[in-house]
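Novice: Listed here are the chains, written in short residue letters.
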Amino acid sequence: MPDLSFVFAQSVSGLTAAMFLFLIASGLSLIFGVLRVLNFAHGTFYMLGAYAAYQFVQWTGVGGGMFWVAALGAAGAVALLGGIVERLLFRHLYAKEELYQLLFTYALALILSDAAKMIWGTQQKSVSRPPELTGALSLFGATVPHYNLFIILLGPAIALTVWFVLQRTRVGRFIRAAALDRETLGALGVNVDALYTWVFVIASFLGGLGGALISPMRATVPGMDTEVIVEAFVVVVIGGLGSLWGTFLGAVIYGQVLSFGILFFPRFSIFAVFALMAGVLIVRPWGLAGRPLK
Amino acid sequence: MLEVRDVRKAFDGFQAVAGVSLAVERGQTAAIIGPNGAGKTTFFNLITGHLRPDTGAVLLEGRDITGVAPHDVCRLGMGRSFQRTNIFPRLTVFQNIQAAYLSHRGRGRDLWSSVERLYRDETDAVLASIGLLERSGELSGFLSHGAQKQLELGIALASEPRLLLLDEPTAGMSATETRDTIRLIDRIVRDRGLTLLFTEHDMDVVFSIAQKIIVLHQGRVIAEGAPADVRADPEVRRVYLGARR
Amino acid sequence: MIARLGRLPWGLFVLIAAFCVPAMGSRFYTFLANDIVIWALFATSLNLLVGVTGLVSFGHAAYFGIGAYATGLLMKKLSVPFLLAFPAAGVLAGAAALAFGFFCVRLTRIYFAMLTLAFAQIVWAICFKWNEVTGGEQGMPEIPYPSFDWIPALPVVGGWRTAEYFYFLTLLMVALCLWALRRIVGSPFGRMLTTIRENPERAEFIGVNVRRYELAAFVLAGAFAGMAGGLFGIFNRGVFPDFAYWTKSSEVLIMTLLGGMGTFYGPAIGALVLILLNQQIVAYTEYWPFVLGTVLVVLLFAFPGGIAGAIGAMARRLTRPRRA
Numbered sequence: 000m001p002d003l004s005f006v007f008a009q010s011v012s013g014l015t016a017a018m019f020l021f022l023i024a025s026g027l028s029l030i031f032g033v034l035r036v037l038n039f040a041h042g043t044f045y046m047l048g049a050y051a052a053y054q055f056v057q058w059t060g061v062g063g064g065m066f067w068v069a070a071l072g073a074a075g076a077v078a079l080l081g082g083i084v085e086r087l088l089f090r091h092l093y094a095k096e097e098l099y100q101l102l103f104t105y106a107l108a109l110i111l112s113d114a115a116k117m118i119w120g121t122q123q124k125s126v127s128r129p130p131e132l133t134g135a136l137s138l139f140g141a142t143v144p145h146y147n148l149f150i151i152l153l154g155p156a157i158a159l160t161v162w163f164v165l166q167r168t169r170v171g172r173f174i175r176a177a178a179l180d181r182e183t184l185g186a187l188g189v190n191v192d193a194l195y196t197w198v199f200v201i202a203s204f205l206g207g208l209g210g211a212l213i214s215p216m217r218a219t220v221p222g223m224d225t226e227v228i229v230e231a232f233v234v235v236v237i238g239g240l241g242s243l244w245g246t247f248l249g250a251v252i253y254g255q256v257l258s259f260g261i262l263f264f265p266r267f268s269i270f271a272v273f274a275l276m277a278g279v280l281i282v283r284p285w286g287l288a289g290r291p292l293k
Numbered sequence: 000m001l002e003v004r005d006v007r008k009a010f011d012g013f014q015a016v017a018g019v020s021l022a023v024e025r026g027q028t029a030a031i032i033g034p035n036g037a038g039k040t041t042f043f044n045l046i047t048g049h050l051r052p053d054t055g056a057v058l059l060e061g062r063d064i065t066g067v068a069p070h071d072v073c074r075l076g077m078g079r080s081f082q083r084t085n086i087f088p089r090l091t092v093f094q095n096i097q098a099a100y101l102s103h104r105g106r107g108r109d110l111w112s113s114v115e116r117l118y119r120d121e122t123d124a125v126l127a128s129i130g131l132l133e134r135s136g137e138l139s140g141f142l143s144h145g146a147q148k149q150l151e152l153g154i155a156l157a158s159e160p161r162l163l164l165l166d167e168p169t170a171g172m173s174a175t176e177t178r179d180t181i182r183l184i185d186r187i188v189r190d191r192g193l194t195l196l197f198t199e200h201d202m203d204v205v206f207s208i209a210q211k212i213i214v215l216h217q218g219r220v221i222a223e224g225a226p227a228d229v230r231a232d233p234e235v236r237r238v239y240l241g242a243r244r
Numbered sequence: 000m001i002a003r004l005g006r007l008p009w010g011l012f013v014l015i016a017a018f019c020v021p022a023m024g025s026r027f028y029t030f031l032a033n034d035i036v037i038w039a040l041f042a043t044s045l046n047l048l049v050g051v052t053g054l055v056s057f058g059h060a061a062y063f064g065i066g067a068y069a070t071g072l073l074m075k076k077l078s079v080p081f082l083l084a085f086p087a088a089g090v091l092a093g094a095a096a097l098a099f100g101f102f103c104v105r106l107t108r109i110y111f112a113m114l115t116l117a118f119a120q121i122v123w124a125i126c127f128k129w130n131e132v133t134g135g136e137q138g139m140p141e142i143p144y145p146s147f148d149w150i151p152a153l154p155v156v157g158g159w160r161t162a163e164y165f166y167f168l169t170l171l172m173v174a175l176c177l178w179a180l181r182r183i184v185g186s187p188f189g190r191m192l193t194t195i196r197e198n199p200e201r202a203e204f205i206g207v208n209v210r211r212y213e214l215a216a217f218v219l220a221g222a223f224a225g226m227a228g229g230l231f232g233i234f235n236r237g238v239f240p241d242f243a244y245w246t247k248s249s250e251v252l253i254m255t256l257l258g259g260m261g262t263f264y265g266p267a268i269g270a271l272v273l274i275l276l277n278q279q280i281v282a283y284t285e286y287w288p289f290v291l292g293t294v295l296v297v298l299l300f301a302f303p304g305g306i307a308g309a310i311g312a313m314a315r316r317l318t319r320p321r322r323a
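Chains as they are written, first to last, in numbering that gives the first Met the number 0: chain A, 0 to 293; chain B, 0 to 244; chain C, 0 to 323.
Chain A on its own, in the form it takes in the complex (with noise of 0.2 Å):
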């Protein structure tokens, strides 16, 4: 029987990888279920997050408050890299079949990736935690950073925002209304396109804030982007695409069953995570909090 600290600690850090995931994979299901894409450039735009936090703590340092702005700043510029690729290109194919589209997200994943080799190279890049931050814990004996409480908290906190958005504002309702029908919504003098965009910048803008927010847990380096979509596509199947609550039980299961797989089953617990994947879309499509197909 393993000792309740260490029980506690794997959970721990099953629900820190959880947070990251769900800011990534909120924003894709974000994007599913309104402009009906799937994104496979939204874990680059995640890598984009780490390494611009990199560079502007490169610049700023952590202190004072520093890292905050960075983080901040890096999910801003990600939300505006996100806004002009849609404003200027993707826009372009949403007439077009949805193979087209998906294969420009998976372009344009090939292209920033690559982008973000030429400007900072091959090496590993890491950021050092915000001093506010770096102290750690001692909970049911087991040591819990600070760092990985404040992201487990946040999860909820920007989950509860997001929702808020969604729910009660007029762009919310604007946004639910055009994930249901947006020829209507447009009829009704609704700037559908402006939406569009907008729902981009808003994905974006949690990917990159994801990125910014792990760059100080786990190195920055080529690939994580690749490593990290596939996650997201797990996260967002089980929660169902295109709902908020869905993504983010989708990925604290998808957490919990990675963290505690890895160490009770290492060989299979790569093989479980796409076998669940594999089991919701036969049993139930739509995922735990999807809408039922037709």
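Keep in mind the hints are simulated off the structure, nothing from the lab. Hints may be right or wrong, so weigh each one.
To be verified - Ranges of calculated distance between the beta carbons of each label pair, as one might list FRET restraints:
hint, chain 1, residue 1, chain 2, residue 2, range
1, A, Gly62, C, Arg26, 58 to 64 Å
2, B, Arg51, A, Ala193, 38 to 44 Å
3, B, Phe10, A, Phe263, 32 to 38 Å
The beta-carbon is built from N, C-alpha and C at its ideal position, and this holds for glycine as well.
Let chain A serve as the given structure and place chains B and C on it in line with the hints.
Specialist: Just chains B and C now, with coordinates in the frame of chain A:
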């Protein structure tokens, strides 16, 4: 030929079809009319197997086909056209019709023969009867709306049905096109001895060829019978001519 | 004149030209040609799903990988001769496609694509971790070439190296497979698949059991991909788990798009162009993904029909009768 017994279908609490029964005799031409949202297309989908009725039964030539999948229903002798023109856009006019023959005559399992010349005669015959023979090499996606609807009729005919279901065959057509289309349909139905059930908005069309009319309103049958009787029915007049809420 | 050009037996010309490649005397050219020919089969098999039936699969590499491991295992560990091991790749990959496809065809569009991806990653995970059978992360190096001892004895064809014999063998096998695929696509069955692509609802109502046909297409596509994989394992002198990884699936999908999903030989052209382009670019820069991404974007915006589509459009424009 076709018997529908008390079918019902609800979507998320909205009762689209609320207990409709009808019978169409062999060789008869029957029309279903009703205002928008009366449930006509849903009703059609229930007959053809695209939707499964919550309760009730559908019988074709005495055989229970309730809930049978559309591809099987088609093989049992039913042909259908759709409200929104449903053709194979990147296939030529010829290929559209030929495809129906290939499927109907069980050739789909053939992985070896060259498909080019199969069923040429039958396909040309159908094309001639719907008036599209000269355009057989054109890509069907580029045809005018009226021509596409004609093609769709041809596809339905190529399945060699005994019962033909047409969902708003003259939707979106000008008066001339409508007249020509109806004349065409009437001639084909009579030449081949088909049973026809169609839905329509255009009253003149309906009254010109239907022998039996069923009036649907809010998912229910409110009148049924010969054209003259239906025309005189007070309930029908109220629904069509009376004040709308 | 253009129309008459189109009627020449290009397939035959290409085949003859392909056979002549080793005569150029460069092992590198033969190597490249061998690579292209195998990927051409792989891409054409995918196009049976994507271009003909309209089913976009993100996990086609699973069958490529299964075929490769099947042939590799049979030939290396069980000393099965090539002439049995090669078709076995097709059969095993086809069987896997049947099992996976059964579930996949119940879903549509993005969900279908996601499930194909999930299954492919499962295959990859199994290959990656099942050390006893598949060699795990290290893969199975040193797959033997088929035995060519009897060939040098023959009059005309004697005197080549083993790698070149294998190239001829590959060419022959791929030509046969492509010929079979061509017949399938041009058959009534193939036409039924096209109707599914064009309008599944309409196809249902001309009597096509859409799900069953999609599954059949899935199995056939998987079987041919498996055979391509079987050849590739030997060519590559080793079978590795990344044969089934999703990035391989995306490579072959890009080839199919690049060459043109709308024609039979489009994907093969895509394989040729992509591999040659890759060779050229990689010699100058390490940023091949950047170049590939850019090419893809240009393609998507300007040439959605791929190279074959662009050629076809140009040919049509040249043969259109001039208006006075």
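Novice: Hint by hint, note whether the structure agrees.
Specialist: Hints, one by one, checked against the model:
1. A:Gly62 to C:Arg26: 58 to 64 Å: Given a distance of about 60 Å, which is inside 58 to 64 Å, the answer is holds.
2. B:Arg51 to A:Ala193: 38 to 44 Å: For B:Arg51 and A:Ala193 the Cβ distance comes to about 42 Å; the hint holds.
3. B:Phe10 to A:Phe263: 32 to 38 Å: 46 Å, violated
In the structure shown, a violation is registered for the earlier hint numbered 3 alone.
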